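Asks: Listed below, chain by chain, are the residues.
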Amino acid sequence: MPLDPEIVKDLHRRMVRIRFFEEAAGRLFEANKMPGFIHLYVGQEAVAAGVSVALRDEDQISSTHRGHGHLVAKGGDLNKMMAELMGKATGYCNGKGGSMHICDLELNMLGANGIVGGGVPIAVGAGFANKYSGNETVSVVFFGDGSTNIGAFHEAANMAAALKLPVLFVCENNGYAEYTPREQSMAIKDVAERAGAYGMPSKIVDGMDAMAVFEATESALVSVRAGEGPYFLECKTYRYYNHHGIQNLGLSYRTDEEVEEWKGRDAIDAIEARMVADGVASEAEVEANRASIQAEVDEAIDFADSSPMPDPADLLDNVYSDAVSSDAVSSDAVNSEVRS
Amino acid sequence: MAVEFAMPKLGLTMEAGTILEWLVESGSEVAAGDAVLVIETDKVESEVEANAAGRLHITGEKGQSYDCGVRIGWFLADGEDAPSETTPVERSGSDPSSNSAPAATVTRPVDAAPTGGRLLASPNAKRVAAERGIDLQGVVGTGPGGRITSEDVPLTAPVAAAGNWPATIAARQLAELLGVDLASVAAGGPEGRVSREDVARHVRGRLAAEPAAAASSAPSLLPALQPPTEVVPLAGMRGTIASRMHESLQQMAQLTLTMDAVMDAVIADRSARTDKPGYTDYVIAAAAGALRDHPVVNSQITADGVALLPEIHVGMAVALDGGLVVPVVTNTDERSIEEVSTETTRLAAAARDGKLGLSDLEGGTFSVTALGMYGVDAFTPVINPPNTAILGVGRLRDEVRVVDGDVTSIKVLTLSLTWDHRAFDGAPAAEFAASVRARLEGWGSTA
Amino acid sequence: MSGRELSYLQAFNEAMHQLMAEDDDVFVAGEDVAGKGGVFGSFVGLLDEFGERRMIDTPISEQAIVGLGIGAAVAGLRPVVDLMFMDFVLVSMDQIANQAAKLKYMFGGNASLPMTITTNGGAGLSAAAQHSQSLEAMLCHVPGLKVVMPATPYDCKGLMAASVREDNPVIFVKHKRMFGVKGEVPEELYEVPLGQAAITREGSDVTVIAYSRMASEALAAAATLADEGVDCEVIDLRTVQPLDIETIVASARKTNRIVVVHEAVRFGGLGAEIAAQIQEHAFDHLDAPVARVGAPFSPIPFSPALETAYVPSAERIAAEIRATMHRPAPGVTV
Chain A
311 MPLDPEIVKD
321 LHRRMVRIRF
331 FEEAAGRLFE
341 ANKMPGFIHL
351 YVGQEAVAAG
361 VSVALRDEDQ
371 ISSTHRGHGH
381 LVAKGGDLNK
391 MMAELMGKAT
401 GYCNGKGGSM
411 HICDLELNML
421 GANGIVGGGV
431 PIAVGAGFAN
441 KYSGNETVSV
451 VFFGDGSTNI
461 GAFHEAANMA
471 AALKLPVLFV
481 CENNGYAEYT
491 PREQSMAIKD
501 VAERAGAYGM
511 PSKIVDGMDA
521 MAVFEATESA
531 LVSVRAGEGP
541 YFLECKTYRY
551 YNHHGIQNLG
561 LSYRTDEEVE
571 EWKGRDAIDA
581 IEARMVADGV
591 ASEAEVEANR
601 ASIQAEVDEA
611 IDFADSSPMP
621 DPADLLDNVY
631 SDAVSSDAVS
641 SDAVNSEVRS
Chain V
2 MAVEFAMPKL
12 GLTMEAGTIL
22 EWLVESGSEV
32 AAGDAVLVIE
42 TDKVESEVEA
52 NAAGRLHITG
62 EKGQSYDCGV
72 RIGWFLADGE
82 DAPSETTPVE
92 RSGSDPSSNS
102 APAATVTRPV
112 DAAPTGGRLL
122 ASPNAKRVAA
132 ERGIDLQGVV
142 GTGPGGRITS
152 EDVPLTAPVA
162 AAGNWPATIA
172 ARQLAELLGV
182 DLASVAAGGP
192 EGRVSREDVA
202 RHVRGRLAAE
212 PAAAASSAPS
222 LLPALQPPTE
232 VVPLAGMRGT
242 IASRMHESLQ
252 QMAQLTLTMD
262 AVMDAVIADR
272 SARTDKPGYT
282 DYVIAAAAGA
292 LRDHPVVNSQ
302 ITADGVALLP
312 EIHVGMAVAL
322 DGGLVVPVVT
332 NTDERSIEEV
342 STETTRLAAA
352 ARDGKLGLSD
362 LEGGTFSVTA
372 LGMYGVDAFT
382 PVINPPNTAI
392 LGVGRLRDEV
402 RVVDGDVTSI
412 KVLTLSLTWD
422 HRAFDGAPAA
432 EFAASVRARL
442 EGWGSTA
Chain H
39 MSGRELSYLQ
49 AFNEAMHQLM
59 AEDDDVFVAG
69 EDVAGKGGVF
79 GSFVGLLDEF
89 GERRMIDTPI
99 SEQAIVGLGI
109 GAAVAGLRPV
119 VDLMFMDFVL
129 VSMDQIANQA
139 AKLKYMFGGN
149 ASLPMTITTN
159 GGAGLSAAAQ
169 HSQSLEAMLC
179 HVPGLKVVMP
189 ATPYDCKGLM
199 AASVREDNPV
209 IFVKHKRMFG
219 VKGEVPEELY
229 EVPLGQAAIT
239 REGSDVTVIA
249 YSRMASEALA
259 AAATLADEGV
269 DCEVIDLRTV
279 QPLDIETIVA
289 SARKTNRIVV
299 VHEAVRFGGL
309 GAEIAAQIQE
319 HAFDHLDAPV
329 ARVGAPFSPI
339 PFSPALETAY
349 VPSAERIAAE
359 IRATMHRPAP
369 GVTV
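Those sequence lines, one after another, are chains A, V and H.
For the first sequence, the numbering used here gives the first residue as 311, with consecutive numbering after it.
For the second sequence, the numbering used here gives the first residue as 2, with consecutive numbering after it.
For the third sequence, the numbering used here gives the first residue as 39, with consecutive numbering after it.
Simulated from the structure, these hints should not be mistaken for lab results.
All values reported here derive from a predicted model rather than from experimental measurement.
Where a beta carbon is used, it is the ideal one built from N, C-alpha and C, also for glycine.
Take these hints with a grain of salt, some might be off.
Claimed, not checked - Heads up, incomplete: computed chain V residues facing chain H, CB under 10 angstroms, no partners named:
{"no.": "1", "residue": "N125"}
{"no.": "2", "residue": "R128"}
{"no.": "3", "residue": "G144"}
{"no.": "4", "residue": "S151"}
{"no.": "5", "residue": "G240"}
{"no.": "6", "residue": "S244"}
Only chain A is shown next, with the shape it has when bound in the complex (with noise of 0.2 angstroms):
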């Protein structure tokens, strides 16, 4: 079945973005212009490409360490990210949060997860607001295939299964559990046979095919949203560098064939030369895409570069909605005392 044109560019222009964003980040971090850790989703484009082309504005998504594709996905604002992972006064979190805890709430990204696992009760909570408030917005939440040996995950799968509450849950396997794979980690080859353990559809996609994904999604979420529960998407996909960072160093977890054999399948060459070859856009009018997003990249990492670093004067600032604080005494009456 031909997609609708639009929707191929629209992927590929998302997907394009992660990318390039991802790439940038990458070399960012090995040039140490980034404090901290950061686990790059190069390789996995079509998977948040996939879903979020075909959520509606209002969605929510939840994510994970691994989730500055999501938000990219979702519209996030590439300046506002590459100066939050900088650590950046003018960053998505002002540098508090850094590159595991960026959220944009306005476009209903509730936020990546530091804790393998973490999100998912929360996002289970998100799918909860969503039926309470009787509208027809589904919670879509990503998750590792390691996060499905979590206690969490089971906890929040069954509650979500039981209440029928409007969930998408959306397993990326990329085969790894940071450096131990899958089938040490649990005896199944499928992720997607869990869902059946809480009564929960699902359906196993290829998830370096970003049509593939959007189909699959699309198709979830006609039940989701007419209030059937929840449903289980599991996106087989690959990690093209390391748990952290870019460079293997000298890690023998996987052989170099492995990691050649599927960036031979990338979504990204696939999508475009399926473009050229249908006709839904030229290689020029391809490689004039990408330029454009490159740009936006590099706008990126020039606002990034010369924003302010936070001030440390903000630093208690958002620990609670007011300003308390237990370790300090502000009364005018013992201080008073305190000078007399």
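Place chains V and H on chain A using the hints.
Replies: Okay, now just chains V and H, sitting in the frame of chain A:
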């Protein structure tokens, strides 16, 4: 009010003492600390001091032994009679409520006041005593182990003026966290008290005033390890040097190579002249010539890349009291050694007299700095931004070399070239240094 | 005042009725909160009044229960999620400490989390080691959480109102042995502000600082000591995070002697924090070391004989006050 005078416990193992002699008569006025009697314990004889002031009323008899803590007298106020043996003792500052309590249930234990070692007093008692200028040595403690509590301190003297800095505790904590001197913070709070917001505002203002420092997120500095004898503020020339040199090392990829140059040809040339140039002048002249042949060294990194600069202006570092300046010999490559020497002499004198013009200090494209006069051979000069290289000049020294089996003495000087690896690599840097060396070693033959 | 009396639990229940009536964003989720009305009856009658949409019985999944509250709060609701026993806080600690407490800060202030976690703490019912604990010190150690521990029916209602209307995650800890305690409670909904201690007895000789059930034990001890001529000031903290250090320090400067009391294990308990802050802010006003009364360093025993020995009481508090005042027990002569 009558204060009890008890047989003191003068040592860990002392249980009782025998009165050998009263040094004052009953009814005499004594001050706290006056020696009033001599006692004998199982070990020693010892004088005992009055632990309060007043008219001493003696009850302990000479030759008698008393357990530690047992009363041997009273200190009485003016016109006061000694309490009868059955009247309960009232101590100054004691809680009035304890008097209204049933006498049968409440008796405050009175431990012996310590008379040796550390004075046991609660922080509150010390504060109250200090505010009133009272010496706690004369106060009998009624707390555990004889600890003096605030109730034991006679509250007769007025409170001295308070000396606390007017700031909220929250403000103090934030100031401590951020290393801010509260004295420098303007108070905006009620009654002129510094609030947490005042500290935050102060820090923001300070950061805004020093944008460069804020952006570089400089590491916080540790306090001085010892009380310094003097603190040289990082301001003025010192401040400029500090920030420029720090910035230089932070922003560039600097590294240094050294190369020896035989100076015999230069020495020969110099000895033939009447107005003798300095050795550094020769190096400046040689460097200027070499820069002409190695344009990448006469460069600057700009937003567009490595900019090769057509004009050659070599700066020379001149040490001053408390700092240094780098005046510039303009168009150095077009000057003869005499002209270089004349100009460096003028610039050095002007620098020391503080008469350098702005034009003397601007536009340097390369620098030469000498430490040879201090006995230094090689060092790692720091590039003067926005240059991409600097040449250090070492000591002129004797070396022996074997040439064709003969041992000869030669004069050698070490050149230390620091360059910015972003602008050019090691090979061109070495080639440039070799070019300087060749000019020095062949002085007079080609130049 | 009307003089109308309610029990601690009735006061809580009335607060819930009124809070749910005033705001449709308020709902309750937890184990047996709807059909059963809560295992202790905290939520009785709410299902009938507000229906299944707003009263949700959940699976026994504490992580998912708290996560449900977090997600719903971030999405705009004002959840009340219930953990049957305070001990179960430990089962859901990732969601409480790593997620709820930190979201606002990590997101640069872009999220607010108006969630109240209700739970039941405290010993005295022979519920043994996994259903009796007082774990507030752990919670207070995590910046971003507020921890409320009412000691009276009046405060139970007023603090619950303030907690639910609060835009930060609050853990509201009822004490299981206080449920039946009666006191005056106004009919209308009112707030007792978080972070404000109450001076429940004014005195001049020594300050006893307590919260939750120990606040009433402290008052009993103070009454005993009054007969012995010691005038105790009693502070009920009501909220332990944020801690009302101002009131504590002001009282320490006034009475110069402090006894801190909690039911939790003494070692590493809030008493340690309070004592530390007092010596920081009122060192020169102390006439005695700050004393602490708390549970011994052991799990909570089951047998009533052992549990009675374990849990601090008015008698133990009175003994500690006497020691701090350097006074003998009644009838003991020196």
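Asks: Per the CB criterion, is S244 (chain V) less than 10 angstroms away from chain H?
Replies: violated (31 angstroms)
Asks: May I ask you to test the interface hint for N125 (chain V) with respect to chain H, counting a Cβ-Cβ separation under 10 angstroms as satisfied?
Replies: holds (5 angstroms)
Asks: Min Cβ distance, G144 (chain V) to chain H: is it shorter than 10 angstroms?
Replies: holds (5 angstroms)
Asks: Once the shortest beta carbon distance from G240 (chain V) to chain H is found, is it less than 10 angstroms?
Replies: violated (34 angstroms)
Asks: Does the interface hint hold: is R128 (chain V) within less than 10 angstroms of chain H, judged Cβ to Cβ?
Replies: holds (4 angstroms)
Asks: Checking hints one by one. Is S151 (chain V) an interface residue toward chain H, by the C-beta closer than 10 angstroms rule?
Replies: holds (5 angstroms)
Against the hints set out earlier in the document, violations occur for numbers 5, 6.
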